[in-house]
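Make the full structure from the sequences, and use the hints.
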Amino acid sequence: MFSATEAGTYTGGANTKTRLNVTDRTAIMRTAALAATLLSAASTIQAQQAASPGYDCYPTCIPSTVPANETLSFGRHYAVLNLDMITALVSGVAPTPAGSKWIANTARWIDAVHAQNPPPLSIFTRIYFSNSHKPEIGPASPFAKVGSALGTASSNLTEVYPAFCVNETVGDVVLQKTR
Numbered sequence: 001m002f003s004a005t006e007a008g009t010y011t012g013g014a015n016t017k018t019r020l021n022v023t024d025r026t027a028i029m030r031t032a033a034l035a036a037t038l039l040s041a042a043s044t045i046q047a048q049q050a051a052s053p054g055y056d057c058y059p060t061c062i063p064s065t066v067p068a069n070e071t072l073s074f075g076r077h078y079a080v081l082n083l084d085m086i087t088a089l090v091s092g093v094a095p096t097p098a099g100s101k102w103i104a105n106t107a108r109w110i111d112a113v114h115a116q117n118p119p120p121l122s123i124f125t126r127i128y129f130s131n132s133h134k135p136e137i138g139p140a141s142p143f144a145k146v147g148s149a150l151g152t153a154s155s156n157l158t159e160v161y162p163a164f165c166v167n168e169t170v171g172d173v174v175l176q177k178t179r
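Once you know that position 81 of the sequence shown is 81 in my numbering, the rest is easy, because the numbers rise by one and skip nothing.
Each hint should be verified, as a subset may be incorrect.
Said to hold, decoys possible - So the derived label-pair ranges between C-beta atoms look like this:
(1) Thr96 / Cys165: 38 to 48 Å
(2) Pro119 / Leu83: 26 to 36 Å
(3) Gly92 / Pro139: 16 to 26 Å
(4) Trp102 / Ser73: 21 to 31 Å
(5) Ser148 / Ser73: 37 to 47 Å
(6) Ala144 / Thr169: 36 to 46 Å
(7) Ala115 / Val66: 32 to 42 Å
(8) Glu70 / Ala149: 45 to 55 Å
(9) Lys101 / Leu157: 21 to 31 Å
(10) Ser154 / Asp84: 28 to 38 Å
(11) Thr152 / Thr96: 46 to 56 Å
(12) Asn69 / Pro162: 35 to 45 Å
(13) Thr106 / Thr71: 17 to 27 Å
For the record, the hints were derived by calculation from the structure and aren't laboratory data.
Note that the Cβ used here is the ideal one computed from N, Cα and C, for glycine as well.
Here's what the structure looks like:
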């Protein structure tokens with residue numbers, strides 16, 4: 001391993017000084033850059049594997065309470081929550097491939113819920129303020145900066161994103177929500 005002590009002079013093993021030519025220095029820099037790239041790639045792969053959802057039961061496995069030969073049922077008393085699916089939040093991911101897939105899958109899910117007979121109660125929430133002064137949050141609160149772009153109930157940014165159909169004829173409910 002070499003370390004720079006002055007231009008062109010390096011300290012190698014046993015503290016010997018060796019003057020390297022330009023070709024040697026270039027090779028060392030390329031090797032160092034390659035090593036850094038490989039280490040970065042290896043750590044990225046390791047982080048991705050560690051961050052994967054818990055499908056491999058790591059570190060502990062919570063077994064399903066539904067036997068493999070049965071289907072999941074909530075019975076007749078349940079509601080589906082569609083929280084904060086407003087234009088201000090969803091439009092930020094909409095142009096990305098992952099975002100458009102998420103939007104399509106979520107819309108498909110909402111449509112499937114509506115297709116149930118009878119459909120369950122679907123509750124949508126919208127984040128908006130009662131007036132432009134935003135009395136629901138204090139000016140020094142953590143959400144004040146994040147929520148500064150959100151408006152009142154009449155703001156397009158606080159509407160449920162258009163791809164997510166709210167069906168009031170089957171009983172869907174839209175509630176105001178502030179943080």
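For each hint, the structure was consulted:
no.: 1; hint: Thr96 / Cys165: 38 to 48 Å; in the structure: violated, 22 Å
no.: 2; hint: Pro119 / Leu83: 26 to 36 Å; in the structure: violated, 18 Å
no.: 3; hint: Gly92 / Pro139: 16 to 26 Å; in the structure: holds, 24 Å
no.: 4; hint: Trp102 / Ser73: 21 to 31 Å; in the structure: holds, 26 Å
no.: 5; hint: Ser148 / Ser73: 37 to 47 Å; in the structure: holds, 43 Å
no.: 6; hint: Ala144 / Thr169: 36 to 46 Å; in the structure: holds, 37 Å
no.: 7; hint: Ala115 / Val66: 32 to 42 Å; in the structure: violated, 22 Å
no.: 8; hint: Glu70 / Ala149: 45 to 55 Å; in the structure: holds, 46 Å
no.: 9; hint: Lys101 / Leu157: 21 to 31 Å; in the structure: holds, 23 Å
no.: 10; hint: Ser154 / Asp84: 28 to 38 Å; in the structure: violated, 18 Å
no.: 11; hint: Thr152 / Thr96: 46 to 56 Å; in the structure: violated, 28 Å
no.: 12; hint: Asn69 / Pro162: 35 to 45 Å; in the structure: holds, 41 Å
no.: 13; hint: Thr106 / Thr71: 17 to 27 Å; in the structure: holds, 22 Å
The structure fails hints 1, 2, 7, 10, 11 (numbered hints given earlier, in ascending order).
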